[in-house]
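**Q** As a plain string of letters, each chain reads:
Protein chains: 2
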Amino acid sequence: MRRSQFYIPTRREVAAQDSINAYLLTKAGYISQIAAGAYALLPLAVRSLHKIEQIIREEMDAIGGSEVVFTALQPQETWEKSGRWDDPNFRQIVYRDEEAGMTFGATHEEPMAIIVKEKVQSYRELPVILYQFQTKFRKELRAKSGLLRGREFRMKDLYSFHATEKEHQAFYEKCAAAYGRVFTRLGLNAYRVKASGGVFSTEFSDEFQVPCPTGEDEVWLDHTEMTGFNTEVEESMTNEQKKSHERVRSVEVGNIFHLGTKYPDAFDFKYLDADGARKSIYMGSYGIGITRLLGVLAELNNDEHGLRLPAVIAPFQCVVIDLTGEGVTGQKLYAELTAAGIETLYDDRDEPAGSKFADADLVGFPVRLVYSQKTAQEGKVELKIRGAAAVDDVELIPVEEVADRISKILATP
Amino acid sequence: MRRSQFYIPTRREVAAQDSINAYLLTKAGYISQIAAGAYALLPLAVRSLHKIEQIIREEMDAIGGSEVVFTALQPQETWEKSGRWDDPNFRQIVYRDEEAGMTFGATHEEPMAIIVKEKVQSYRELPVILYQFQTKFRKELRAKSGLLRGREFRMKDLYSFHATEKEHQAFYEKCAAAYGRVFTRLGLNAYRVKASGGVFSTEFSDEFQVPCPTGEDEVWLDHTEMTGFNTEVEESMTNEQKKSHERVRSVEVGNIFHLGTKYPDAFDFKYLDADGARKSIYMGSYGIGITRLLGVLAELNNDEHGLRLPAVIAPFQCVVIDLTGEGVTGQKLYAELTAAGIETLYDDRDEPAGSKFADADLVGFPVRLVYSQKTAQEGKVELKIRGAAAVDDVELIPVEEVADRISKILATP
Chain E
9 MRRSQFYIPT RREVAAQDSI NAYLLTKAGY ISQIAAGAYA LLPLAVRSLH KIEQIIREEM
69 DAIGGSEVVF TALQPQETWE KSGRWDDPNF RQIVYRDEEA GMTFGATHEE PMAIIVKEKV
129 QSYRELPVIL YQFQTKFRKE LRAKSGLLRG REFRMKDLYS FHATEKEHQA FYEKCAAAYG
189 RVFTRLGLNA YRVKASGGVF STEFSDEFQV PCPTGEDEVW LDHTEMTGFN TEVEESMTNE
249 QKKSHERVRS VEVGNIFHLG TKYPDAFDFK YLDADGARKS IYMGSYGIGI TRLLGVLAEL
309 NNDEHGLRLP AVIAPFQCVV IDLTGEGVTG QKLYAELTAA GIETLYDDRD EPAGSKFADA
369 DLVGFPVRLV YSQKTAQEGK VELKIRGAAA VDDVELIPVE EVADRISKIL ATP
Chain A
9 MRRSQFYIPT RREVAAQDSI NAYLLTKAGY ISQIAAGAYA LLPLAVRSLH KIEQIIREEM
69 DAIGGSEVVF TALQPQETWE KSGRWDDPNF RQIVYRDEEA GMTFGATHEE PMAIIVKEKV
129 QSYRELPVIL YQFQTKFRKE LRAKSGLLRG REFRMKDLYS FHATEKEHQA FYEKCAAAYG
189 RVFTRLGLNA YRVKASGGVF STEFSDEFQV PCPTGEDEVW LDHTEMTGFN TEVEESMTNE
249 QKKSHERVRS VEVGNIFHLG TKYPDAFDFK YLDADGARKS IYMGSYGIGI TRLLGVLAEL
309 NNDEHGLRLP AVIAPFQCVV IDLTGEGVTG QKLYAELTAA GIETLYDDRD EPAGSKFADA
369 DLVGFPVRLV YSQKTAQEGK VELKIRGAAA VDDVELIPVE EVADRISKIL ATP
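Which chain is which? The protein sequence lines are E and A, in order. Each residue of the first sequence is one higher than the last, beginning at 9 in my numbering. Each residue of the second sequence is one higher than the last, beginning at 9 in my numbering.
In isolation and in its complexed conformation, chain E is listed as follows (with noise of 0.2 Å):
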């Protein structure tokens, strides 16, 4: 991509914003806000988000989702069915068209529950596991720390249906390691935390949180078994535990619920077991946060100059500066990049050289190229690495091993 046709407003100056995130994001011209815990996502936050799903989108599949999405609108009636429609604690955080009888979907139990139903009537056809990536709403009063608690946001919701509570507490477990990919994937020391059941369930369910010191959460995490309790839980931890825990703050990256046969049961949806008794179906919930999983990225990756995201969520791999007024040489290298399969920007503004330095480290290249008289003096290019775990090494390489060595440096965990 030429950075000329490719919308990339970052900025000298950025009014103070509530968090690290917002901060950096913002400066770099990854977000904008558009009101309190609503953000337009721009171009480059756009790339990074679609990297993000496809890690989540892989791992779903991998233990048999299959994606949907369904609207955020929800009628009314339905919500009547749950009970969830005059409850205190939904109808705080909902966003409604009184009028016209919606809910703006905080939340998917209750339509994947009847449109599944539509379809499930013998243990033959379960399980079915359901997952989206869509946009909530929610009408958080506290709405704060950028990505981290937006009231719009996006979110990968997962939902299964089982015969028996033991098969749902199977694909719990499953799910669970798949959690557990995603967030290696991406970087993150993501550790599973007993919680309770919150407004969804009565049961415990399990929170993965990511050690933050500006994350709202406070949990007390097992460094050795990478778990640990929540708050809300921690009366029913023993003095051992208390001991092998380190109390720290952090932030929910993903929940897993345990649901029982609530919802289905709320809409009369049941099947039919190999003897012709009809049963209850027991169903769980499976959520991770998108954007707030960009605003994590950006809180624990980034120093003075700016964002060092890891390699396989920037939005670009690499981008190239030409300071030879001539640009030949930084085509061409733009030119390879991209046919070797690196994701490249070209900038070729008519910048100074020294803003084109600022604005790379800004929005974090992980890899910055620079051809420069100097360097073409000796058929060199200048590699400089800032990923996420690297230090910001410079070193001349010849032009035409540019390309062999960004796959190396880029196949590299």
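Mixed in with the good hints there might be a few duds.
[What the hints assert, rightly or not] Label pairs and their in silico Cβ distance ranges:
# : chain 1 : residue 1 : chain 2 : residue 2 : range
1 : E       : Arg132    : A       : Ser252    : 43 to 53 Å
2 : E       : Arg132    : A       : Glu211    : 54 to 64 Å
3 : A       : Ala282    : E       : Val336    : 26 to 36 Å
4 : E       : Gly205    : A       : Ser209    : 45 to 55 Å
5 : E       : Asp358    : A       : His313    : 33 to 43 Å
Think of the hints as simulated: they come from the structure by calculation, not from any bench. Using N, Cα and C, we set each Cβ at its ideal position, and we do this for glycine too.
Assemble chain A onto chain E, guided by the hints.
**A** Only chain A this time, still in chain E's reference frame:
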């Protein structure tokens, strides 16, 4: 993908629907109604819609667009500034949470002008061309015709900002040409039709209309020029034009608007020209109904057995059915075709042959492969083509030639 792990809720019987597309897409397991004008998009639809979006993305990128995702939430204040909060034309179609002072985006002129203003100050930073695939909400009083007119739908909307009216005009034509390429790639005969600016503009606009006997619009079309007039502007037709045009029913699949300087001016968004003078900015908006496209493609491409979607947007390109009971060859074919990049569904269900055949026709796989005791004797597979334009030809081909053959079939437009 294995059918047993992919949710395709085809149905033998479906309650009466308000349109062919709603009936067929529901029966074939693509969609399921949640409320009037609100359909859950099931896995088959999600796959087709991703393909439709990718075609549009390529064409929008090619004319210099950058992809964003704005929030549906839009605060009351911004709609008051542009004068739309109290405009009865919008009041009746826009969902709002009065208590929260929020609208749910039916259209995005306001936030686009506000966000672009934050960055753009000089003529050197124009044009800006942003587009999104986004969920829109419209309080349709007459939600009907399945995916053709919904209360919640996917839309590609693009907004452009230009220094001069002339530059806007040039981009407007460039975008019209890109729309033409999109519809051609989707196998649709779209006419460029002159229309009023409706609630958006006092200037003429252009609609892209596809002839469709079940469409809700009526337009005058010139089949030689692929242009026309909609009924709002039919008084402007000359007698000559009335003769060369035919009045037909149609579906509007896209529209493009001159917005003049209205929205930028409402937010005092101006730019400095080369002489330092402060000038108004010309804006345009350009929409394509994504879910509606799937609806019209279903409406136009079907027969008594089911859907015949074009291969380029069919959810899978091929289905493999192995009737030998062992499934060895079926699985081998499935693995081979998948490795060859052909999107294949392996129907591994324990169902009678007739039921698998009926499902294959109903869903509309462009290529159907059947391996049976009979074809096995000759080392062959039965191949049936069911593309949008094809007759249902059946032939036997050697097992080892299948992947090559299908690749050739799919490469032929």
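**Q** Work down the list of hints and note, for each, if the structure agrees.
**A** Now for the hints, and whether the structure bears them out:
1. Arg132(E) with Ser252(A): 43 to 53 Å: violated (60 Å)
2. Arg132(E) with Glu211(A): 54 to 64 Å: Because 59 Å falls inside the window, the suggested range holds.
3. Ala282(A) with Val336(E): 26 to 36 Å: holds (28 Å)
4. Gly205(E) with Ser209(A): 45 to 55 Å: Between glycine 205(E) and serine 209(A), where Cβ atoms are some 52 Å apart, the hint holds.
5. Asp358(E) with His313(A): 33 to 43 Å: With Cβ atoms ~60 Å apart, the hint is violated.
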